[in-house]
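Model the full structure from these sequences, guided by the hints.
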Amino acid sequence: MDQLLQHGLNALILGGTYALLGIGLTLIFGIMRVVNFTHGELYSFGAYMMFMWVMFAGVNFFLALILAVVLGMMLGATLEFLLLRRLRGADIDTTMLVMIGAWIALQNMEQLTWSGVAKSIDTPFPSAPLVLGPVSVSWNRLFVFVVALGLIAASYALINRTRLGKAMRATFQDRETAALMGVEINFIHTATFALGSGLAAAAGALLGPVFVVYPTMGDLASLKAFAIVILGGLGSIPGATIGGFILAFMEELGAGYVSSGFRDGMGFLVIIVILLIKPTGLFAQKERIG
Amino acid sequence: MRFNARNLIFTALGAVLSASLLGTAAGAQDTIKIGVTQPLTGAFAASGNYVAQGAKIAEEEINKAGGVLGKKIQLIIEDNKSNPTEAVATAEKLIVKDKVPVMLGAWSSTLTLAVMPKLEEYKVPMLVETSSSGKITVSGNPYIFRISPTSEMEAKAFTPLVKTLGIKKADFLATNNDFGLGASKEFSEMAKREGVQVGVMETMDPKATDFSAQLAKIKASGSDTLFVTTAVEQITLILKQAKDQQVPQRIITTGGSNSPDQLIAQAGDAANGSYHLVFFTPWFPEAVKNPDVAKKFVALWNEKKHNVGGLTEGFRGWDGLYTIVEAIKAAGKPDAEAITKALWGVKVKGINGDIAFIKQGPAGKESAQNVPSVYLVKIEGGKVVRQ
Chain H
80 MDQLLQHGLN
90 ALILGGTYAL
100 LGIGLTLIFG
110 IMRVVNFTHG
120 ELYSFGAYMM
130 FMWVMFAGVN
140 FFLALILAVV
150 LGMMLGATLE
160 FLLLRRLRGA
170 DIDTTMLVMI
180 GAWIALQNME
190 QLTWSGVAKS
200 IDTPFPSAPL
210 VLGPVSVSWN
220 RLFVFVVALG
230 LIAASYALIN
240 RTRLGKAMRA
250 TFQDRETAAL
260 MGVEINFIHT
270 ATFALGSGLA
280 AAAGALLGPV
290 FVVYPTMGDL
300 ASLKAFAIVI
310 LGGLGSIPGA
320 TIGGFILAFM
330 EELGAGYVSS
340 GFRDGMGFLV
350 IIVILLIKPT
360 GLFAQKERIG
Chain P
18 MRFNARNLIF
28 TALGAVLSAS
38 LLGTAAGAQD
48 TIKIGVTQPL
58 TGAFAASGNY
68 VAQGAKIAEE
78 EINKAGGVLG
88 KKIQLIIEDN
98 KSNPTEAVAT
108 AEKLIVKDKV
118 PVMLGAWSST
128 LTLAVMPKLE
138 EYKVPMLVET
148 SSSGKITVSG
158 NPYIFRISPT
168 SEMEAKAFTP
178 LVKTLGIKKA
188 DFLATNNDFG
198 LGASKEFSEM
208 AKREGVQVGV
218 METMDPKATD
228 FSAQLAKIKA
238 SGSDTLFVTT
248 AVEQITLILK
258 QAKDQQVPQR
268 IITTGGSNSP
278 DQLIAQAGDA
288 ANGSYHLVFF
298 TPWFPEAVKN
308 PDVAKKFVAL
318 WNEKKHNVGG
328 LTEGFRGWDG
338 LYTIVEAIKA
348 AGKPDAEAIT
358 KALWGVKVKG
368 INGDIAFIKQ
378 GPAGKESAQN
388 VPSVYLVKIE
398 GGKVVRQ
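Residue numbers (my numbering), protein chains in the order written: chain H, 80 to 369; chain P, 18 to 404.
Distance ranges between label pairs, derived from CB positions:
no.: 1; chain 1: P; residue 1: W361; chain 2: H; residue 2: L209; range: 51 to 61 Å
no.: 2; chain 1: H; residue 1: V225; chain 2: P; residue 2: D115; range: 47 to 57 Å
no.: 3; chain 1: P; residue 1: T102; chain 2: H; residue 2: P203; range: 35 to 45 Å
Now the stretches of chain H that chain P is said to cover, found in silico as 3 or more residues with beta-carbon under 8 Å:
no.: 4; segment: 327-335
no.: 5; segment: 339-348
Honestly, the hints are just simulated from the structure, not real lab data.
Think of the CB as a built atom: it goes at the ideal place given N, C-alpha and C, for glycine as much as any other residue.
This is the structure in C-alpha cells:
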C-alpha cells in the first residue's frame, strides 16, 4: 500500500511537468499546425538559461526562472520571425525540414557553448524532503508541480477567456477572415509561437534544477510532448493536461508493477490503444472543413 | 578581367589545397598516430571527456620525454556521441582515413562491443580502458586488450566486503545496457554465493533522468543494500531522488565511473553514506601500487585545472596510452600487427597498478585482459574516506 501511495505521488508530480511540456506544444503544433521540432531545444534552452543566471551570474533563483522564460519567449519570437514568417503558406514538409534544421543547429550551439558535460543547478529549497506519513517528495519537485499547474491554468484562461486568445484561435482557424476582421495576424503568429516556446523554456527552467542540464536533454522531452499532444487531441489544453497525467501514471505504475525496463514503452502502449479507439485523441476540437 | 579574377581564385585555392595536403603528408611522417574514440557528448559525456583529458596529459608527457621510436605521438580523438552506430563510424574513420595502427576506446561496453567487428575486419588492436561487460573478452576477438576490470573481477574483489558491511538482502538497479546488466548479473550471483538474499532487480533506460518508480519499488523491498551500476550522471540523480523518497538502503555503486568528487559537488548531502567501487583513489595516492605515477598524474591534472571529479575516470586515458606506447616501443614500428603481438608482452607501471595481460576467451582467438586493482570508498560528511 505504501508503495502504491508513493507511486501515485510520484506520478502526480511527474504528470504536472509532462502536462506543462504538452500545453506549450499543443499551442504550436495543435493550434498553429507547425510541427515544432525545436520544442525540446527551447526546453533545454530554458534549463541552460537557468544555469547561466543562477550559477554564473548569481541571480536569485526565482528571478532567474522569470528571466529564463522571458528569454525563451524571445528566442521563440526570433525563430518565428526569421524562419516561420517566411514559410507561411509553404507546405508542411518544407516547414518540417526547416524546423529539423533549427533543432540540430540549436542543439549543436548548446553543445559548443556549454560542452557536453552535464551541469547541475543549486536551489534554495531545503534538501530534506517533505515527509507525509509513508511517502515523501522533494520541496523542489513540489514547487515545480505547483508552478506547472499555475501556468496551465493561466494558459487555459489566456486562450479561452481573453481577446488575445480569441484572436489566436480565429487566426489559425481562418487567417484571411481574421485579417479582414482587423486581427494583426503577423503579431498573432509571433505571439503564439513565443508563448508556446516560453512554456517549453519554463518547463526546462523548472526541471533543470531537479535533474541535470545537458545539450540532448530536450530530445526525450520533445518526444514525450508530441505523444502527449497527440494523445490529448491537437490544440486542446485540457487534453494536453490530462494526456500528461495519463502518460505519467502509466510510466510510473508500469515501471513499478510490470517492468522498469519497459518504462517508456508503457506510456506509448497506452497511446497506441487510445488512438486505435479514438484516432483524433481524447479531446480533439471539431475540425471546420471548408 | 572577370575571367582573370576567377583564375586567380582557382590558383589560390589550388595552392592552399596542395599546401594543406603537403602539410598532412609531412605530419604523417613526423608523428605516430593513435586513434581515440570516446563519448564526448551524449549520455556519457562527462566520463568520455575525462578519459580524453587523461590521454592528452599522457600524450604531452610522452612527447616531452622524446616520444616513441624517435617520433612524437599524435592523438586523433573522435566523438562517438555515446551512440553505438557513431562508435562504429568513428572506428572506421580512424582506421581507414587516419590509418591509425592502434586505438583506445570506446568507454561503455555497448560502444566497445559495437566497434569490435571492425577491429577484426581491419586487424587493428584496441586498448579498452573502461568497459566492464564480461562479453568483451570472451567472444573470441584477438584484437581486444582490456585494462579495466570485468564486472566479474569487481564482484570477486567485493566478496569479502559482504561480511564487513553485514549485507543480508540486496537490490539491484542497473542501466539497461551491456555494462549495467552484466554487472547486475555478476554481483547478484556473488551475493547468492555469499548467502545474501537477492531482492528486486530493476533496470533503467541509459538516457532516463527520473527513477522515482524504480526507487519506490526498491524502497518497499525491505533490503539493506542497493547496488547501482551506471555512469556518474545517473548516479547523481539516483542519490538525489533516493533521498527525496527516503530510500533507506545503503547505496553501493559499481563500475568505477562514479567520480565521487563530482557526486559530492552535484548531489550534495544526498551523496553522504554512499559507497563506491573505484579503480583509482586520488584522495590517497599513497595507497595505490605505484604512488609515484599516481602523484605525478594528480599534479598534472590539477595543473591543467581539469575537474577534480574526473580523476577517477581520467587515469584510464593515461594508463591506456602508456600501455599502447609501450607496445609501439616493443613492436619497433607503428604497425597494427606488430603492435597486437607486442601488447601481449607489455609490463607497465600504471596508476591503477602493474598492467600486464592474461588470456581470456576461446582458445586460439583469445582476448587480452589485465587484472586491475579495485578499491571501495565511502562518502562521509562531503569527503571521500577509505574503507
